[in-house]
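Number of protein chains: 2
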Amino acid sequence: MRADYRPIRIGLLGAGSVGSQVFKLIQEDADELANRIGAQLQISGVLVRSLDASRDYSIPKEFLTTDAESVILGSDIVVELIGGIQPALDYVRMALESGSDVVTANKALLANHGPEIFELAERVGAQVYYEASVAGAIPIIRPLRESLAGDTVTRIMGIVNGTTNFILDQMESTGASFDAALEQAQQLGYAEADPTADVGGFDAAAKAAILSSLAFHTEVHIDDVYTEGIEKITQLDIESAKDAGYTVKLLAVCERVDDDSIAARVHPTLIPQTHPLASVRGAFNAVFVESEASGELMFYGAGAGGIETASAVLGDVVMAAKRHLGGGSTLNESTHAKLSILPIEDIVTRYQVSLEVKDEPGVLAVIASMFAELEISVETLEQSTIDSESETVLLTVITHETSERSLQKLIEKLNQSEVVAEFKGQVRVEGV
Amino acid sequence: MRADYRPIRIGLLGAGSVGSQVFKLIQEDADELANRIGAQLQISGVLVRSLDASRDYSIPKEFLTTDAESVILGSDIVVELIGGIQPALDYVRMALESGSDVVTANKALLANHGPEIFELAERVGAQVYYEASVAGAIPIIRPLRESLAGDTVTRIMGIVNGTTNFILDQMESTGASFDAALEQAQQLGYAEADPTADVGGFDAAAKAAILSSLAFHTEVHIDDVYTEGIEKITQLDIESAKDAGYTVKLLAVCERVDDDSIAARVHPTLIPQTHPLASVRGAFNAVFVESEASGELMFYGAGAGGIETASAVLGDVVMAAKRHLGGGSTLNESTHAKLSILPIEDIVTRYQVSLEVKDEPGVLAVIASMFAELEISVETLEQSTIDSESETVLLTVITHETSERSLQKLIEKLNQSEVVAEFKGQVRVEGV
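Read top to bottom, the protein sequences are chains A and B.
Take the first sequence: its position 119, counted from the start at 1, is 119 in the numbering used here, and no numbers get skipped.
Throughout, the numbering used here is defined as the position within the second sequence, counted from one, plus 432.
For reference, chain A alone in the conformation it holds in the complex (with noise of 0.2 Å):
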């Protein structure tokens, strides 16, 4: 530690169970932090609510404020840990606007705003660190903008909502319906008591935005990102998977199209049960990224958590606090590419349908003539029984590559066909 620089005033917004976390590891490790730095880290105030409500770890009093902007001109490194789009939005920019580095986890905030916050932060000169808002503790924001600077991405495949992880492998280990999964999720406290952000692909889809972004150079802001949540997966699309050789995951998947164009997208999909995704269980994350060089990687870890995500705020907090010391900058958001965002009825790729037909001869070509009709390739097709009162069989089709616009048609036509006697769901399949 050198005792001749004063020591980096840090701002805490918020004091949940990251910022709790947050303030406990700087207070705790501050010599070693000094060590690493060249100079002590120093809480100069947290923002709270309130200030008398219970917290994970007690923060002691006299750091505890209400007041934002004594804290926000107080530091030279200001943690945003609230949430939300307002009043972190404001906040923020009257961070960068003080000249102070900022450090978030918030990716609403960025998947709604990053442009206009990375433009203010460059106007001032200011940085802005956000590696905890996608995929907690696993360092998948540095990677991509630093150690993949010199490469071409092509695709990123993530595991980024852990929620939807827990309930999709409890689906398929132990038979649950979705229901019972996420009663079960909840219990654990692993869903919230609305879960809507979670299984309907929200949180996973401003997660998409962030790395697309990053990865394509391209603004890509959450509502380009074709969002489609868990709810509607059945135990029978789990067992028609497993049973072909695939498993469930919702993924965000982010991919380059051709030269002028990317698709960013978040829905649930089938992947082989040999693809190093598939191997992701519990509540953890991780994404796989593709890229002309360096071809296959993949980051695993924690996904959420106080302190795992405390520790990817806090590399953040002691990167921002060395460029306090030694100045210079890190690459800067850019959004030089321009590539233009595909629409969802624009992409490629394969589906697994699911439907019950009729069972009597002649069917099963008139069900193949329909996908033929349409240029679907069937790859592979799977008629299993339901009973044997039943007078209905059970078609269960992984197709090759087709537009999700031709899907649409075929969907539209076996709903119409009389051998249909019902239309089951269909969802789509990667990683192959």
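If you are wondering where the hints come from, they were derived from the structure by calculation, not from laboratory data.
A virtual CB, placed ideally from N, CA and C, is assigned to each residue, including glycine.
Beta-carbon label-pair distances, calculated as ranges:
1) Glu811(B) <-> Pro272(A): 33 to 39 Å
2) Glu389(A) <-> Leu796(B): 54 to 60 Å
3) Pro7(A) <-> Gly760(B): 19 to 25 Å
Cut-off 27 Å, straight-line C-alpha distance, at most; resulting in silico cross-link-like pairs (DSS-like, lysine-lysine):
4) Lys456(B) <-> Lys338(A)
5) Lys242(A) <-> Lys674(B)
6) Lys790(B) <-> Lys664(B)
We have chain A; now place chain B onto it with these hints.
Below, chain B without anything else, positioned relative to chain A:
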């Protein structure tokens, strides 16, 4: 791209499989790299041993030179890809002393001379980037140094040598002997004609030294790393491991033992089949990191290969170029922790021990009492018949934690015992 900056001059030392790919990527992606950096990269020269040698990628003659000094002194950033210790060390010194930042993929150089190189860099205000020195394309140096800068790493277990992982994987999946699997690796180009550096564990040991130094802020020289190769691994070891639910991998294990000491070792290791490292097949690499706050992380990808390693080198070149424009520095290699490095005798771990014993009543009791005398607890003991004619049986014991010192005493006892026909060997067990 900002046209107001003059191009940043990149000097390449070496035009082998990595160097020629770096050259190619810089030329082909010139505009995109310029957009990301804010200035053009310009290759100022490529140092080769002979102007006439054939190369993977045809570098135009006008770039090639055998004059090291002209390349080094005529560059802003020097990329050292010649490998080995000399003349690489002299070239890196010359580059740093002339004020250039250095990018290197040279693990031997860093594992032997890291401290003096980092000290020189700090003294002259230069930076050394070495992402490509460990695990090829996998980002591991930057995540350890920066993303985990606020965390305390407790343990790293890495599959950091693709050759040995390929050989062990072949032995397990096809039942091949070590010699047969090695021959196959050589035919496929995964192993060199003289495979000693890989199969003897020395390549992995260099990487273990680099990872431990970084993770524990302590000087760790390659000679500090206990090193054991895979030459003695037999089908018996692999089958016994498989039966007990384990798989055999050559691991680099870097661990914090207590507040004052660490250990670094490379040896064949049993890990549970359910451990994330167990599914790393073929020539892939993966690094598993345990930290106090972030928990378990894993980084997975191609550990070698010209173009994959070139991606890591180019990421470093882009970051060095950015620093050339904007100044600043990343965290320096710090050795402030000065932890002591334990010799192998003091390491405590678990072991699989295999021995052939007489098939007589009371023999098990004799063996069990030898373990008990040394206070080595037995977790599992498997007895298996060699063949119906044999007067001996095979015993496979997995122990609880014990010190290497105690284990060596046990082996001595077993070797002297009348009931032991043959002591077959021991393999350490981790990741339980």
